[in-house]
Amino acid sequence: MGIKIALAGNPNCGKTTLFNDLTGSAQYVGNWPGVTVEKKEGRLKGDRDVVIQDLPGIYSLSPYTLEEVVSRNYLVEEKPDVILNIVDGTNIERNLYLTTQLLEIGLPVVMAVNMMDLVKKNGDKIDMKKLANELGVKIVEISALKGQGTQDAVKACLDAAKTGKTTELPHVFNGSVEHAIAHIEESIEDKVDPENLRWYAIKIFERDEKALENVELSDELKEHLEGHIVDCEKEMDDDAESIITNQRYNYIQDLVSGAVKKKAKKGDMTISDKIDQIVTNRWLALPIFALIMWAVYYISVTTIGDWLTGWTNDVLFGDWITNGVTGWLESINCADWITSLIVDGIIGGVGTVLGFVPQMVLLFLLLSILEDSGYMARVAFIMDRVFRRFGLSGKSFIPMLIGTGCGVPAIMAARTIENEKDRRMTIILSTFLPCGAKTEIIAMITLCFFPGSKFIAPGMYFLGIAIVILGGIALKKARYFAGDPAPFVMELPAYHIPSVKGVLIHTWERAKAFMIKAGTIIFAMCVVLWLLMHFNFRLEYLGEDLESSMLRYIGEVFAWIFVPLGFGTWKGAVASISAEIAKEQATATLGMLAHAASDGETDVANAIRGMFGSGLVGMSFLLFNIFDAPCLVAIATAFREQGSRKWGWITLAFQMGVGYCLALCVYQLGMLFTQGVFGFWTLVAIVICIAVLYFVFRKTPDYGRLSDEPQGANA
Amino acid sequence: MKTLRDVPVGETSTVVKIHGEGATKRRIMDMGLTKGTEIYVRKVAPLGDPVEITVRGYELSIRKADADILEMS
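Protein sequences, first through last, are from chains R and F.
The opening residue of the first sequence carries number 1 in the numbering used here; numbering runs sequentially from there.
The opening residue of the second sequence carries number 716 in the numbering used here; numbering runs sequentially from there.
Bear in mind the hints are in silico, worked out from the structure with no lab data behind them.
One or more hints might be untrue.
Unchecked claim - With the Cβ distance kept under 7 Å, some of the chain F side facing chain R (calculated, not the full set): (1) ARG742; (2) ASP764; (3) PRO765; (4) TYR773; (5) LEU775; (6) LYS779; (7) ILE784.
Keep in mind that this is a model prediction, so the values were computed, not measured.
A virtual CB, placed ideally from N, CA and C, is assigned to each residue, including glycine.
Let's have the full structure, built from the sequences with the hints guiding it.
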C-alpha cells in the first residue's frame with residue numbers, strides 16, 4: 001500500500017532541497033486544481049511505492065492565502081499517512097509556529113530540523129531531546145543541502161506511518177482557552193472526523209470562516225459557542241484569533257528559551273546582514289542591482305549566449321542538419337514537396353526557435369542562481385515602492401524582469417506572489433517588456449526603416465515599462481482588482497550558496513517547459529503553415545509561388561483586421577499570424593513573403609521596406625507584434641498559470657487589445673500628422689486615446705464591500 | 716500612537732498592542748509580531764519604503780503603511 005508523506009514547512013526552510021534529494025528526478029510539477037498554486041509530487045528514490053507530496057511553503061494555516069488553504073485542505077481531507085515538518089534550525093522560533101498547528105490536525109508528525117550544518121557552524125546548541133519531549137514528536141537532525149540525515153528522516157516517517165500513532169499534544173493554550181475549546185469539541189464531536197476534532201475546535205474558536213463551511217452547525221449551536229468565545233475574549237481582553245496566535249508564540253518563546261542556546265549575541269550581525277549592508281545599502285543598492293542584471297544579460301545574451309545561438313542557428317541547423325537532411329532526402333529521391341516540408345517548413349521553422357534554447361538555458365541558469373541564493377528577495381524589497389503605486393508589490397518585479405529574456409519562465413515566476421489578484425495581474429502584464437525573440441523583430445524593423453537609429457530599441461523597452469505602469473493602474477480600478485493592496489510582509493532569508501543540484505533542477509524545469517511546448521505547438525504550426533503556404537485549394541504543390549496558395553486567401557480574409565493599422569494586406573496578416581506562433585518567425589516570414597533576393601540581411605531589409613511602403617507602417621507593424629499577446633508557448637503557459645480558462649482568455653484579450661489599439665492609434669495619428677489624412681479610423685484612434693486616458697485617470701468607482709478572500713477552498 | 720515608522724533605524728522597540736483586524740493583522744502576527752515582541756529596526760529600503768526589522772531572530776521586510784497597526788513602545 002502506497003504510503004503518503006506530506007512535506008510541510010516555512011518558505012526557505014530547505015524543503016525543496018529535501019524534496020529533490022528524496023525524489024531525485026522522479027517529480028511531477030503541476031497546479032492544484034483550479035488555482036494558481038503549484039503542486040509538486042514525487043516518488044521516494046529507493047521505494048517507488050512511497051509518494052512524497054511537497055506542500056507549498058507556508059508560515060501558518062490561516063484561511064487567508066491560497067497556499068495555506070490548499071495545504072489545509074490537503075492535510076485535513078486527503079489525510080496523508082505522515083507529515084514531515086521541516087524546521088529551519090537557524091530560525092527555530094518562527095518555524096515552530098507552524099509546527100504547533102500541524103500537530104493539531106491529528107496526523108502523525110515527524111520533525112526534521114534542517115540546516116544543522118549551519119547551526120553547528122554558528123555555535124548554536126539545540127536540545128533536541130527536550131524539544132521532542134515537549135512537543136511530543138520524533139525529531140531528526142538533517143542537512144538537506146549536504147544530504148545528511150535525510151534517510152533517517154524517511155525511516156522515521158515510514159515508522160510513524162506504520163504505527164499511525166499521534167502522541168499527546170503539547171499544552172500550548174492557557175486554562176480559559178482550553179476550557180472554551182473543550183466546550184466546542186463536545187458540541188461538534190459527531191460532526192467531524194475524530195482525528196480532526198481538535199483542529200476544527202480551535203478553528204471554530206478563531207471564527208475561521210473556511211473551516212466553518214465544513215462543519216454543519218445549527219444557528220442555536222453557533223450562538224451557544226459564540227457565547228463561550230466571547231466570554232474568553234472578554235477575559236483575555238483580545239479577539240479570539242489574536243488570543244490563539246499570541247499564546248502559540250508565548251508557548252514557543254518559553255520552549256525555545258529553555259531548549260535553544262544561540263552563540264551570537266542579540267546585536268551581532270550575521271554574514272547575511274553584512275552582505276546586505278552593501279547590497280541593500282541606500283546608495284549602492286540600485287547601482288549594484290543594475291550591475292548584476294547587466295552582467296546576467298551580457299553573459300547570457302550578448303556574449304556566450306549569442307555565440308551559442310549563432311552556432312546553433314548557422315552551424316547546427318543552418319549547416320549540418322539542413323545540408324545533411326537535404327542530402328539524404330535527395331539521395332533517396334524524395335519528392336520535392338516532402339523535402340521542402342521537412343527542410344523549409346519543419347527544420348526552418350522549429351530550428352529558429354530551438355536556436356534560442358542555448359541563450360534561454362543560460363539565462364534561466366543565471367536567474368536560478370540569483371533566486372536560490374536569496375538575492376531576489378532583496379530585489380523585491382528594493383523595488384517595492386515603485387510597484388506599490390499601482391497596487392502590486394516588489395514581488396511582481398521579478399517576473400517582469402525575467403520577461404525581458406523569455407515570457408515563459410516569467411509567467412511561471414509569478415507563482416511566488418501570494419495574493420491571487422496580484423498574481424493574475426502580474427501574469428497579464430509581465431510579457432509587455434520585449435523578450436529576446438521580440439528584439440529580433442525590433443532589430444529587423446530598425447534596419448529596414450530607421451537604419452542606424454539608437455533610439456528604437458531602448459524606446460521599445462521604455463514603452464513596455466509605460467504600458468506595464470499604465471495598464472496596472474487601469475486594471476487596478478476594475479472591480480476584480482480593486483481593493484486595498486495586499487500587505488507586503490516578506491521574509492528576507494539568509495543568503496546561502498545555492499546547491500548545484502537545486503539550480504540545475506530549477507533551470508531544467510524551465511527549459512523543459514519551454515522546449516516541450518515549443519516542440520509540440522510550434523512544430524504543429526510550422527507544418528500547418530508550410531502546407532497552407534505551398535499548396536493551393538486544389539492541393540496542388542506550388543513550389544516557390546506563394547501568390548495562389550491557400551495561405552494567401554486565408555490571409556486575405558484576415559487582412560481587413562489590419563487595415564486600420566496600415567498593413568492590411570494578406571502578407572501583413574500572415575506575418576502577424578506567424579509572429580503569434582513564435583515572435584522570431586515574423587522576420588523570417590516577412591522575408592519570405594517579400595521575395596527577398598536572398599537570405600542576406602540587406603536584401604531582406606530592402607524587400608520588406610518595399611512591401612510595407614513607409615516607416616509609419618513599419619512602426620505600426622512593430623508595435624502590434626511587440627505589444628500584443630506573446631507567442632503561443634507563452635499564451636499556453638499563461639492559461640496554465642492562471643489556472644482558469646476564463647482568466648486565460650481575459651489575459652489574451654487584454655494583451656491583444658493593447659497591441660492592436662496602440663498600433664492603430666500610432667498609425668492613424670501618424671497619418672494625420674504626416675499626411676493630413678483624416679477619416680473614420682482617425683476618429684476611432686482619438687476615441688481610443690480618450691478612453692485610455694479615462695481608464696487610467698478615473699477615480700476608482702465605489703464597489704462597496706470587496707471580498708479579500710481567495711477563491712475555491714474549504715477546510 | 717507611536718507606530719513602526721516612528722522608530723528610528725538602529726533602535727529597538729517592543730510591540731505594545733496590535734490594532735486592526737482581518738488578513739493583514741493575521742499575517743503580521745503569523746510572522747511573529749505579537750504583543751510584547753521586541754524588534755530591531757535594521758534599515759529602510761533605498762526608495763524609502765519598506766522597512767527591514769529583526770524579529771525573533773530573522774529579517775522581515777514590511778511596508779510602513781501595513782505596520783501602522785502596530786503600536787510600539
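Against the structure, the hints:
1. Hint on ARG742 of chain F holds. Least Cβ distance to chain R is approximately 5 Å, under the 7 Å limit.
2. Satisfaction of the interface hint for ASP764 of chain F is found here, the shortest Cβ-Cβ separation to chain R being roughly 5 Å, below the 7 Å cut-off.
3. Hint status for PRO765 of chain F: holds, given a least beta-carbon distance of 6 Å to chain R, under 7 Å.
4. Residue-level restraint check for TYR773 of chain F holds (minimum Cβ-Cβ distance to chain R is 5 Å; threshold 7 Å).
5. Given hint, LEU775 of chain F at the interface with chain R, holds; its Cβ is 6 Å from that chain's nearest Cβ, closer than 7 Å.
6. With a cut of 7 Å, the hint placing LYS779 of chain F at the interface with chain R is violated, because the nearest CB-to-CB distance is about 10 Å.
7. About 10 Å separates the beta-carbon of ILE784 of chain F from the nearest beta-carbon of chain R, more than 7 Å, and the hint is not met.
In this structure, the earlier hints numbered 6, 7 are contradicted, and the remaining ones agree with it.
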